[in-house]
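Asker: Given the coordinates of chain E, assemble chain C onto it according to the supplied hints.
Residue numbers (my numbering), protein chains in the order written: chain E, 108 to 544; chain C, 15 to 319.
Hints in this document: simulated from the structure, not taken from any laboratory. Note that the structure is a prediction, hence the values are computed from the model and not measured. Take these hints with a grain of salt, some might be off.
[Unchecked claim] The calculated lysine to any residue pairs, modelled on SDA-like cross-linking and capped at a C-alpha distance of 25 Å, are:
no.: 1; chain 1: C; residue 1: 20; chain 2: C; residue 2: 92
no.: 2; chain 1: C; residue 1: 240; chain 2: E; residue 2: 303
no.: 3; chain 1: C; residue 1: 109; chain 2: E; residue 2: 391
no.: 4; chain 1: E; residue 1: 514; chain 2: C; residue 2: 240
no.: 5; chain 1: C; residue 1: 240; chain 2: E; residue 2: 307
no.: 6; chain 1: E; residue 1: 289; chain 2: E; residue 2: 233
no.: 7; chain 1: C; residue 1: 20; chain 2: E; residue 2: 386
no.: 8; chain 1: C; residue 1: 109; chain 2: E; residue 2: 435
no.: 9; chain 1: C; residue 1: 240; chain 2: E; residue 2: 306
[Stated by the list, open to error] A short list of chain C residues far from chain E (calculated; beta carbon distances all over 12 Å):
no.: 10; residue: 53
no.: 11; residue: 87
no.: 12; residue: 317
[What the hints assert, rightly or not] Stretches of chain E that chain C covers, calculated by requiring three or more beta carbons in the stretch to come under 8 Å of a beta carbon on chain C:
no.: 13; stretch: 131-144
no.: 14; stretch: 446-454
Heads up, the beta-carbon is just placed ideally off N, CA and C, and yes, glycines get one too.
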Amino acid sequence: MKPNENPANLILRNGRVIDPARGFDAVASVLIENGKVVEVGANIEIGTERRREFEQIDAGDKWIVPGLIDMHVHLREPGEEYKETISSGTRAAVAGGFTSVACMPNTHPVNDCAAVTQFILKKAADEGVCRVFPVAAISKGLEGRNLSEFGDLRAAGAAAVSDDGRPVEGSLLMRRALEYAKTFDLPVISHCEDLGLSAGGLMNEGRVSTRLGLRGIPRAAEEVMAARDILLAELTGARVHLAHISTAGSVALIREAKKRGIPVTAETAPHYFTLDEELLSTFDPVYKVNPPLRAREDIEAVKAGLRDGTIDVIASDHAPHSTVEKDLEFEYAANGMIGLESSLPLILRLVSDGVLSPAEAIAKVTQNPARILSIPFGALSKGAPADLTLIDPRVKYTIDARKFASKSRNCPFDGMEVQGRAVMTIVDGRVVFTAAD
Amino acid sequence: MHFNRKDLLGINELDVSEIEYLLDLSRSFKEINERSIKKVPTLRGKTIIHLFYEPSTRTRTSFDIAAKRLSADTYSITASTSSIVKGETVLDTLKNLEAMKPDVFVIRHSASGAPWMLAGRTTASVINAGDGMHEHPSQALLDMLTILDNKKSLRGLNVLIVGDIYHSRVARSNIWGLTKMGANVVVCGPATLIPPNIDSMGAQVSHRLDQCIPEADVIMVLRLQKERQQQMLLPSLREYSAWYGMNGERLKRAKKDVLIMHPGPINRGVEISPEVADGPCSVILDQVTNGVAVRMALLFVLGQR
Numbered sequence: 108m109k110p111n112e113n114p115a116n117l118i119l120r121n122g123r124v125i126d127p128a129r130g131f132d133a134v135a136s137v138l139i140e141n142g143k144v145v146e147v148g149a150n151i152e153i154g155t156e157r158r159r160e161f162e163q164i165d166a167g168d169k170w171i172v173p174g175l176i177d178m179h180v181h182l183r184e185p186g187e188e189y190k191e192t193i194s195s196g197t198r199a200a201v202a203g204g205f206t207s208v209a210c211m212p213n214t215h216p217v218n219d220c221a222a223v224t225q226f227i228l229k230k231a232a233d234e235g236v237c238r239v240f241p242v243a244a245i246s247k248g249l250e251g252r253n254l255s256e257f258g259d260l261r262a263a264g265a266a267a268v269s270d271d272g273r274p275v276e277g278s279l280l281m282r283r284a285l286e287y288a289k290t291f292d293l294p295v296i297s298h299c300e301d302l303g304l305s306a307g308g309l310m311n312e313g314r315v316s317t318r319l320g321l322r323g324i325p326r327a328a329e330e331v332m333a334a335r336d337i338l339l340a341e342l343t344g345a346r347v348h349l350a351h352i353s354t355a356g357s358v359a360l361i362r363e364a365k366k367r368g369i370p371v372t373a374e375t376a377p378h379y380f381t382l383d384e385e386l387l388s389t390f391d392p393v394y395k396v397n398p399p400l401r402a403r404e405d406i407e408a409v410k411a412g413l414r415d416g417t418i419d420v421i422a423s424d425h426a427p428h429s430t431v432e433k434d435l436e437f438e439y440a441a442n443g444m445i446g447l448e449s450s451l452p453l454i455l456r457l458v459s460d461g462v463l464s465p466a467e468a469i470a471k472v473t474q475n476p477a478r479i480l481s482i483p484f485g486a487l488s489k490g491a492p493a494d495l496t497l498i499d500p501r502v503k504y505t506i507d508a509r510k511f512a513s514k515s516r517n518c519p520f521d522g523m524e525v526q527g528r529a530v531m532t533i534v535d536g537r538v539v540f541t542a543a544d
Numbered sequence: 015m016h017f018n019r020k021d022l023l024g025i026n027e028l029d030v031s032e033i034e035y036l037l038d039l040s041r042s043f044k045e046i047n048e049r050s051i052k053k054v055p056t057l058r059g060k061t062i063i064h065l066f067y068e069p070s071t072r073t074r075t076s077f078d079i080a081a082k083r084l085s086a087d088t089y090s091i092t093a094s095t096s097s098i099v100k101g102e103t104v105l106d107t108l109k110n111l112e113a114m115k116p117d118v119f120v121i122r123h124s125a126s127g128a129p130w131m132l133a134g135r136t137t138a139s140v141i142n143a144g145d146g147m148h149e150h151p152s153q154a155l156l157d158m159l160t161i162l163d164n165k166k167s168l169r170g171l172n173v174l175i176v177g178d179i180y181h182s183r184v185a186r187s188n189i190w191g192l193t194k195m196g197a198n199v200v201v202c203g204p205a206t207l208i209p210p211n212i213d214s215m216g217a218q219v220s221h222r223l224d225q226c227i228p229e230a231d232v233i234m235v236l237r238l239q240k241e242r243q244q245q246m247l248l249p250s251l252r253e254y255s256a257w258y259g260m261n262g263e264r265l266k267r268a269k270k271d272v273l274i275m276h277p278g279p280i281n282r283g284v285e286i287s288p289e290v291a292d293g294p295c296s297v298i299l300d301q302v303t304n305g306v307a308v309r310m311a312l313l314f315v316l317g318q319r
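Same shape as in the complex, but just chain E:
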């Protein structure tokens, strides 16, 4: 995303402005001048002589929300540009309503040094269309042995650290990572998985794995590590953010930890509150993901965790793969599914199902990830860069992965009937996406 040299002057008229960070939810207009939010209010007046300078957008029946943030995506660049690039991935993001994404470090080479972080930021500046926040590796090469240089990485622009894709197996290394990250105010994002318990596993362990003859991954593989990381956060006083939570047991552990005042936050992905393990009966690798799709009772627990605030964030874990990795025997296919362009309607389904209020739902993809990453976005504050998403919450349509901006097509929601989508995405005062009707 290049610096905005021609910032727009825009007025979004009479939409339902939902800004959870400021507790605002009312019909209002938003005035954007020189790429900044100048005013949010019911009666915005600009003199007739200046009216010509402003583009007027009628937002009637639409929601105007702070630009959405997806704090867990894989952009695959550098190294696997045939799956996704920073260019294509950020285009997918804005098509899905996201103005900021945090990209995980399991690229080739791994983002474990300032040079790779700078490369990602340079590419994002030159070729991207939304904000990109690189997440750097906790351990050099994601090998789980030595810490990467957090200070250097922070200075280069890393927003957080994580070994996502694999867990930090050693408890001592995790302890040191949490302590050392405090030095630089870097959030630590943990992929919770006990590799011994999950070894060889292909799907959730239980009735369905037994029926299909696919090796199971017990829920305890996630929960053992969630419990460990909670205890290490308590020990060190450092913040830990638990990524892609998928089980009822993890939700219970996090709820209990929050009650005790431990600085833990958590995220889940739309597939963990939408899809269940029965789908694997087709042996279609599009449903293969890590952690695996779980059972109905886990889905209900994840929803309950979203409702009571145990789970702070919804992130897609957008994981592009080509047919080379996916069109294989289930056992040999890669884990992961794309989500940037299907996330929002599935979040809105939580609203129509009465799980979350509109403001609660929007907070999970604006205010909360911004707070966890300590980035100055996710709110419609006066003077802030104008990152906004205009949402049509009513439009009904069928998700069609063939039309995605992403380079990959491994979307399990392809063909699903949904309601609601981003119709306009504005980054730094620039309209970067408008939905074709």
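Answerer: For chain C alone, kept in the frame of chain E given last:
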């Protein structure tokens, strides 16, 4: 005709009338195998490809003999002799072979579900000759046929399956087949080798072999792969054998007319002792004989499609 499928993938998806039809048909093929000229022209001009991604002697030979006795032309491709080792994907292999216009693929694969994926990508018929830990339908059919050679009906029969249930496609296909046909199935083994929620498939679970033996009309002994020790599933073969090995002492407490079965290959002295395997209750070699008839029946119904 009670069988209108393109493929024969698993027992779980068959209904009772389909199973009965296949068993009846298998019985009618048994006689051909007793002739001095063991060949009929039924599948003359048909092409059958055996695509084996996992080592197999018995099953592949059995399918091959079955196909040849029906006068089909057969070709065998195994993981060690084809482009599979050069890194070609299974779908590319299938597409290339399909371009040569075969009528039936007989597929064995170490990955559960692979035959389902391949069946959806070819117009030829697919027979699952065993996929991962999932299904082995021809084995379950030949097991049922062998039981029915010796017992009047499967209904109400107590079948005990002993051993490594977790990794066994034979166990899964038999649990589905036998329970559909009205038998009571008990699976028995150490808890590390019993998959979770196996009761949801219709089997009862026991960890005490000695308590199960007196009730059983049929005892199916499963092969114990020796590498299970390294996977922390067993402390030693010696202990396994002591608790779950089928031996002469245990056989004394069984019903007089109990049938001892084993899908092979046998680990003599581990899960079954030689005196039991070779003894009067054993129908292990009858299973092998019936395997040819069952596979002729399957190739017949799908090859004539």
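Asker: Please go over all the hints and tell whether each is borne out by the structure.
Answerer: Verification of the hints:
1. 20/C x 92/C: Holds: residue 20/C and residue 92/C sit about 23 Å apart, inside 25 Å.
2. 240/C x 303/E: 21 Å, holds
3. 109/C x 391/E: 18 Å, holds
4. 514/E x 240/C: At roughly 45 Å apart (the allowed maximum being 25 Å), residue 240/C and residue 514/E break the hint.
5. 240/C x 307/E: Holds: residue 240/C and residue 307/E sit about 18 Å apart, inside 25 Å.
6. 289/E x 233/E: 31 Å, violated
7. 20/C x 386/E: Cα-Cα ~23 Å, so holds.
8. 109/C x 435/E: 13 Å, holds
9. 240/C x 306/E: Judged against 25 Å, a Cα distance of about 19 Å means the pair holds.
10. 53: Given that every Cβ of chain E is farther than 12 Å from that of residue 53/C, nearest at about 36 Å, it holds.
11. 87: At about 27 Å from chain E, residue 87/C clears the 12 Å cut-off, so the statement holds.
12. 317: 25 Å, holds
13. 131-144: violated (count 0)
14. 446-454: n = 0 at 8 Å, threshold three: violated.
Violated hints for the displayed structure, listed by number in ascending order: 4, 6, 13 and 14.
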